[in-house]
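Protein sequences, first through last, are from chains A and H.
Note that the first sequence covers residues 101 to 661 in this note's numbering.
Note that the second sequence covers residues 22 to 76 in this note's numbering.
Hints are computed from structural coordinates only; laboratory data are not their basis.
All values reported here derive from a predicted model rather than from experimental measurement.
One or more hints might be untrue.
Stated by the list, open to error - DSBU-like mimics (lysine-lysine), calculated; alpha carbons at most 35 angstroms apart, straight line:
#	chain 1	residue 1	chain 2	residue 2
1	A	LYS557	H	LYS30
2	A	LYS601	H	LYS70
3	H	LYS70	A	LYS603
4	H	LYS46	A	LYS427
As the list claims (entries may be wrong) - Chain H side only, calculated, beta carbon under 8 angstroms to chain A, not exhaustive:
#	residue
5	LEU34
6	PRO48
7	ILE52
8	PHE53
9	SER65
Said to hold, decoys possible - The calculated label-pair distances, taken between Cβ atoms and stated as ranges, are:
#	chain 1	residue 1	chain 2	residue 2	range
10	A	GLU461	H	LEU57	50 to 60 angstroms
11	A	SER174	H	GLN31	57 to 67 angstroms
12	A	GLY605	H	GLN31	48 to 58 angstroms
The beta carbon of each residue, even a glycine, is placed where N, CA and C say it ideally should be.
Listed below are the residues making up each chain.
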Amino acid sequence: LIQQTATTMKTINSTLQKWVDEVQALVTPDQVRWCDGTQKEYDEMCSLLVQKGTFIKLNEAKRPNSFACFSDPSDVARVEDRTFICSRKKENAGPTNNWMDPAEMKTELDGVLKGCMKGRTMYVIPFSMGPIGSPMSQIGVEITDSEYVVANMHIMTRAGSKVLEVLGENGNFVKCLHTVGAPLEKGQPDAKWPCNPTLKYIVHYPEERSIVSYGSGYGGNALLGKKCFALRIASTMAQEEGWLAEHMLIMGVQNPAGEKTYLAAAFPSACGKTNFAMLIPPAEFSDWKITTVGDDIAWIKPGKDGQLHAINPEAGYFGVAPGTNEKTNPNAIKSISKNTIFTNVGVTPDGDVWWEGLTKEVPKDIIDWQGKKWDPASGRPVAHGNSRFTAPAIQNPSIDENVENPNGVPISAFIFGGRRSTTIPLVYQAINWSYGVYAASTMGSETTAAAFGEQGKVRRDPFAMLPFCGYHMADYFNHWLQFGRDLPAPPRIFNVNWFRKDKDGNFMWPGFSDNMRILKWITERVKGRASAVESPIGWMPHYDDIDWKVLMVLVKNNLMI
Amino acid sequence: MMIDREAWKQELLSHAELFERMYDKLPKEYIFMRELMLSALWRSAAQWKLEPETV
Numbered sequence: 101l102i103q104q105t106a107t108t109m110k111t112i113n114s115t116l117q118k119w120v121d122e123v124q125a126l127v128t129p130d131q132v133r134w135c136d137g138t139q140k141e142y143d144e145m146c147s148l149l150v151q152k153g154t155f156i157k158l159n160e161a162k163r164p165n166s167f168a169c170f171s172d173p174s175d176v177a178r179v180e181d182r183t184f185i186c187s188r189k190k191e192n193a194g195p196t197n198n199w200m201d202p203a204e205m206k207t208e209l210d211g212v213l214k215g216c217m218k219g220r221t222m223y224v225i226p227f228s229m230g231p232i233g234s235p236m237s238q239i240g241v242e243i244t245d246s247e248y249v250v251a252n253m254h255i256m257t258r259a260g261s262k263v264l265e266v267l268g269e270n271g272n273f274v275k276c277l278h279t280v281g282a283p284l285e286k287g288q289p290d291a292k293w294p295c296n297p298t299l300k301y302i303v304h305y306p307e308e309r310s311i312v313s314y315g316s317g318y319g320g321n322a323l324l325g326k327k328c329f330a331l332r333i334a335s336t337m338a339q340e341e342g343w344l345a346e347h348m349l350i351m352g353v354q355n356p357a358g359e360k361t362y363l364a365a366a367f368p369s370a371c372g373k374t375n376f377a378m379l380i381p382p383a384e385f386s387d388w389k390i391t392t393v394g395d396d397i398a399w400i401k402p403g404k405d406g407q408l409h410a411i412n413p414e415a416g417y418f419g420v421a422p423g424t425n426e427k428t429n430p431n432a433i434k435s436i437s438k439n440t441i442f443t444n445v446g447v448t449p450d451g452d453v454w455w456e457g458l459t460k461e462v463p464k465d466i467i468d469w470q471g472k473k474w475d476p477a478s479g480r481p482v483a484h485g486n487s488r489f490t491a492p493a494i495q496n497p498s499i500d501e502n503v504e505n506p507n508g509v510p511i512s513a514f515i516f517g518g519r520r521s522t523t524i525p526l527v528y529q530a531i532n533w534s535y536g537v538y539a540a541s542t543m544g545s546e547t548t549a550a551a552f553g554e555q556g557k558v559r560r561d562p563f564a565m566l567p568f569c570g571y572h573m574a575d576y577f578n579h580w581l582q583f584g585r586d587l588p589a590p591p592r593i594f595n596v597n598w599f600r601k602d603k604d605g606n607f608m609w610p611g612f613s614d615n616m617r618i619l620k621w622i623t624e625r626v627k628g629r630a631s632a633v634e635s636p637i638g639w640m641p642h643y644d645d646i647d648w649k650v651l652m653v654l655v656k657n658n659l660m661i
Numbered sequence: 022m023m024i025d026r027e028a029w030k031q032e033l034l035s036h037a038e039l040f041e042r043m044y045d046k047l048p049k050e051y052i053f054m055r056e057l058m059l060s061a062l063w064r065s066a067a068q069w070k071l072e073p074e075t076v
C-alpha cells in the first residue's frame, strides 16, 4: 500500500493532485511526501543524507550547519547535448537547441520513467520563483526522488506549504519532474550519489510548461527551478506575455548622495558574474555602495510607471567555488560561512572545505572531490572546476533592501560583457536600444584562456542565453527589439570587457573592485550627468569622464583598454 | 580605450557567421545595422583611441 505522509499538506488544486497521482502511478515510489518547507524538514533531509553517506557534516565551530558532498564523477555539470526543447514545431526551438517531437519524446520517456522511483521516496516540492504572492512571481512544483534536491530547493527557492495556499484551487504552475534514474530493488544498498551514469535527459515542453529531468542529481539538471524553469520555460512565457526572463544579475549602485540606480547585467559563465554582483568598491570609493538583488537570473516586467521592474526569482546562490576568496569576493565568503551545502569541493581533516584559489597553500591531508586523499603529485585539482556552494541569499552582507519587494526594483541600465582578450573596449554605450540589442545579440566569450598575446576561440553567446533560451534565438532578438520599442524610456545599454590583454598577454584592467569606476560612469550616464564621445561603435567616456583617482599608474600606461 | 579598425572588421565578419545560423527568423534590421557599423569603421582611423586631456 502506498502511503502519503504529511497528510495535512494535500492540495486543493485538482490539476496538481491529478498530476501527482499520475506520476506516482508511473514511477511507483515506496512512499510520497509533500514538502512543507520548514526548517525541521530541512534538518531531517540533511541528517538522512548524512546517514546515507551523501553528506559529510562539516565542523560546527568552523562552518555551522553546513555539509559537503561528492557527486558521481559522471555527474558534475549541465549536459547540453542531452537538453531538449520539445516544442510542437521544430522551427520554434530554433537552430541552437536540440529538438525532438514531443509525442515521440513522451513515448521514449515513459519507457525510462516506468518504475524509476522504486525503493525511494517521492517528494513533492511546491515552490515560488520570486517573493511568494508577488504579481511578478511564478509557481512551480518539483517532484523528485532526491533528498539532495529537496535540501537545495529549500535554499534556492521559496518552497513549502505557503506556496500551495497561493496556488489555490485554480492557480497555474510549472510541472517539474526529476528523478535520479536509479531505482532500488529490495535490500539493494543505495549509492552515495545515486544517478544514471550512462543515460540522461533534460526535457522541456514549452507549450505545456513542463519539464522532465532524468538521470542526473546535479545542479542545473536537478534543481529544476533554476535554468530549466526560470530561464528556458520562463523565456517562452515571457515572449508570449510581454516580459523578459534573463540570465542576469541585478545590482544597486548607491552614490554618496544616497541616490540608488539599479542595473541588470549579463555575462557568460566564467566572467565573474557573482563577483560583480557582490562588488565592494575600492577604498577611495568608500562613500559608494553596491547592493545585490540577484546573482544569476532576472525576471523583468514593464510597470505601470513606464519603467522596467526586476525581481530575482531565486532565494539562494548556487555559485562556483574555485577562485572565490576573501580578495575576489569577500561578500560571497561571508555568505557561505554557515547554513551552506558544498558540492565537489575538497574537505580538510578538521572538517572544513577548500578549493583552488581559496588560500595560496593547499591544506595538508586534504580529501579531494572524489572523496579520496589528494595526491599533490597527481596534477589533479582538489576541487572540481565546477564545484559549487548553495547558500541562502539572506546571508550576503550586501543584500539589497528590496530583495523581497513584490514589485521588484526599477532597472535603469543593462550591461553586457564577455571574456575577450582583444578588440572589445573596456566600456561603451550603445547608440540606442536597437544597437544595444544588436551588441548583446553578438556578444562572445573566449572558451579557453588565451596564451601570451594569442587570441582564444570566441564562442558567440547572445545575451549569455545560448544554452538557456527556450525558443528560437532569432525570435528572442525580435522580442527584445519590440520590447524596447514599446517602452517610453527604455534603459540605456552598455557593453563592457574586463579581460582585454596587452601584447604580452597581461590583463590591461585590474577588474574586481576597480570595476566600480566604470559603474560610476554608467550610473552618471543614466542620470544624464556624465559626458561621452561618439566612437565608430558607440558612445565612449572621455578620458576625464572616468574617475581614475589612485589608479594613476594605469592611467599612464594603459590607454588601450 | 581603443578601437582597432581591422580587428573590428573581423568582428563584424563573425557577426555575419552567427546571423547565417539563424537566418530564417533574423531581425531584418540586423543586416543593415551591421552594414552601417562596417561603413562607420571604413571611415574611421586605423586606431581610434582616447588621449588624456592635457590642458
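Hints, one by one, checked against the model:
1. A C-alpha spacing of about 17 angstroms is found between LYS557 of chain A and LYS30 of chain H, which places the hinted pair at or below 35 angstroms, so the restraint holds.
2. At most 35 angstroms may separate the alpha-carbon atoms for a hinted pair to count; LYS601 of chain A and LYS70 of chain H meet this at roughly 16 angstroms.
3. For the hint linking LYS70 of chain H to LYS603 of chain A, the alpha-carbon distance of about 17 angstroms falls within 35 angstroms, and the restraint holds.
4. As the CA atoms of LYS46 of chain H and LYS427 of chain A are separated by approximately 45 angstroms, the hinted pair breaks the 35 angstroms bound.
5. Look at LEU34 of chain H: its Cβ only gets to about 11 angstroms from chain A, farther than 8 angstroms, so that hint breaks.
6. Here the hint on PRO48 of chain H is kept, as its CB sits about 5 angstroms from the closest CB of chain A, short of 8 angstroms.
7. Among the interface hints, the one on ILE52 of chain H is violated; its C-beta lies about 11 angstroms from the nearest C-beta in chain A, farther than the 8 angstroms criterion.
8. Hint status for PHE53 of chain H: violated, given a least beta-carbon distance of 10 angstroms to chain A, over 8 angstroms.
9. Taking 8 angstroms as the C-beta contact cut-off toward chain A, the hint placing SER65 of chain H at the interface holds, the least distance being around 4 angstroms.
10. At about 54 angstroms, the CB distance of GLU461 of chain A to LEU57 of chain H agrees with the hint of 50 to 60 angstroms.
11. Look at SER174 of chain A against GLN31 of chain H: about 39 angstroms separates their beta carbons, and that is not inside 57 to 67 angstroms.
12. Taken as a hint, the range 48 to 58 angstroms is violated for the pair GLY605 of chain A and GLN31 of chain H, whose Cβ atoms sit roughly 20 angstroms apart.
Hint compliance for this structure: hints 4, 5, 7, 8, 11, 12 are not met, and every other hint is.
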